[in-house]
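**Q** Next come the chains, spelled out residue by residue.
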Amino acid sequence: MSVTHSTASRNAATNAVVDQLDGAGSKLVFRVGGTIGSPGTVVATLIMATPAFGASSSGTATAGAIASDTNAAGNASPVSKASLQTSGDVLAIYCDVAASASDINMTNGLTVASGDTVSCSSLTYTALPA
Amino acid sequence: MSEIKGPGGELRATVHVQRKATGKVETYYLLGHTTPEEHARILEEIRAGRLRLGPVEHGASGSLSGAGAEMNREETEDVSNS
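Protein chains in written order, with our numbering: chain A, 1 to 130; chain B, 1001 to 1082.
So that you can see chain A by itself, here it is in the shape it has in the complex (with noise of 0.2 angstroms):
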């Protein structure tokens, strides 16, 4: 049985995960492997918006300005995990990015070298579907 959101629902949906980062220094970080309890290795670290985002709008939130993060940590592998994450790394967010058989599917993959600069010019987060 499907189940439709209104769009008010998912605007409150959207807000109440989006509103956890809130606060100054909210981070964008790409990982390798993990899961939400116990997250992978860093690749990248990227500082976000205070707030990180704007309100809801049609069940979607969009992050303000994303600072890049200019000395990458780097892994050999190809990056297969994304949170977003409080300055205290209480994380709101964890995302599969990984190939075709996962949420992400990455053509050539996302593979990050050590010292390499990594920048994010948009972002958008969408709690529930219509």
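Mixed in with the good hints, there may be bad ones.
Among chain A residues calculated to face chain B with C-beta under 7 angstroms, some are [claimed, not checked]:
1. ASP22
2. VAL32
3. GLY34
4. THR86
5. GLY88
6. CYS95
7. VAL112
8. VAL118
9. CYS120
10. SER121
11. SER122
12. LEU123
13. THR126
Hints in this document: simulated from the structure, not taken from any laboratory.
If you're wondering where the values come from, they're calculated on a predicted model, not measured in any experiment.
The C-beta atom is built at its ideal place from N, Cα and C for all residues, glycine as well.
Assemble chain B onto chain A, guided by the hints.
**A** Using the frame of chain A, we list chain B on its own:
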């Protein structure tokens, strides 16, 4: 009692990597979904009453639709080290 499950949240990002070795900038377009455990956590927030689903409207922009997943890479520019 049946378990309530559904799709997780959706994240979309445009990521740029400037290679330290070459100065080249590569652009990646990410589209994916948050993990099942994240979705379960959201549902638990709803069940526990900590996430209130009500008439909340805000005015920020942003749109996203569609399921599935893809990522493309392109090299957008060369950056001189000189």
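**Q** Hint by hint, say whether it matches the structure.
**A** Evaluated hints:
{"no.": "1", "hint": "ASP22", "in the structure": "13 angstroms, violated"}
{"no.": "2", "hint": "VAL32", "in the structure": "15 angstroms, violated"}
{"no.": "3", "hint": "GLY34", "in the structure": "10 angstroms, violated"}
{"no.": "4", "hint": "THR86", "in the structure": "15 angstroms, violated"}
{"no.": "5", "hint": "GLY88", "in the structure": "18 angstroms, violated"}
{"no.": "6", "hint": "CYS95", "in the structure": "5 angstroms, holds"}
{"no.": "7", "hint": "VAL112", "in the structure": "6 angstroms, holds"}
{"no.": "8", "hint": "VAL118", "in the structure": "5 angstroms, holds"}
{"no.": "9", "hint": "CYS120", "in the structure": "5 angstroms, holds"}
{"no.": "10", "hint": "SER121", "in the structure": "5 angstroms, holds"}
{"no.": "11", "hint": "SER122", "in the structure": "4 angstroms, holds"}
{"no.": "12", "hint": "LEU123", "in the structure": "4 angstroms, holds"}
{"no.": "13", "hint": "THR126", "in the structure": "4 angstroms, holds"}
When the structure is compared with the earlier hints, violations turn up for hints 1, 2, 3, 4 and 5 and for no others.
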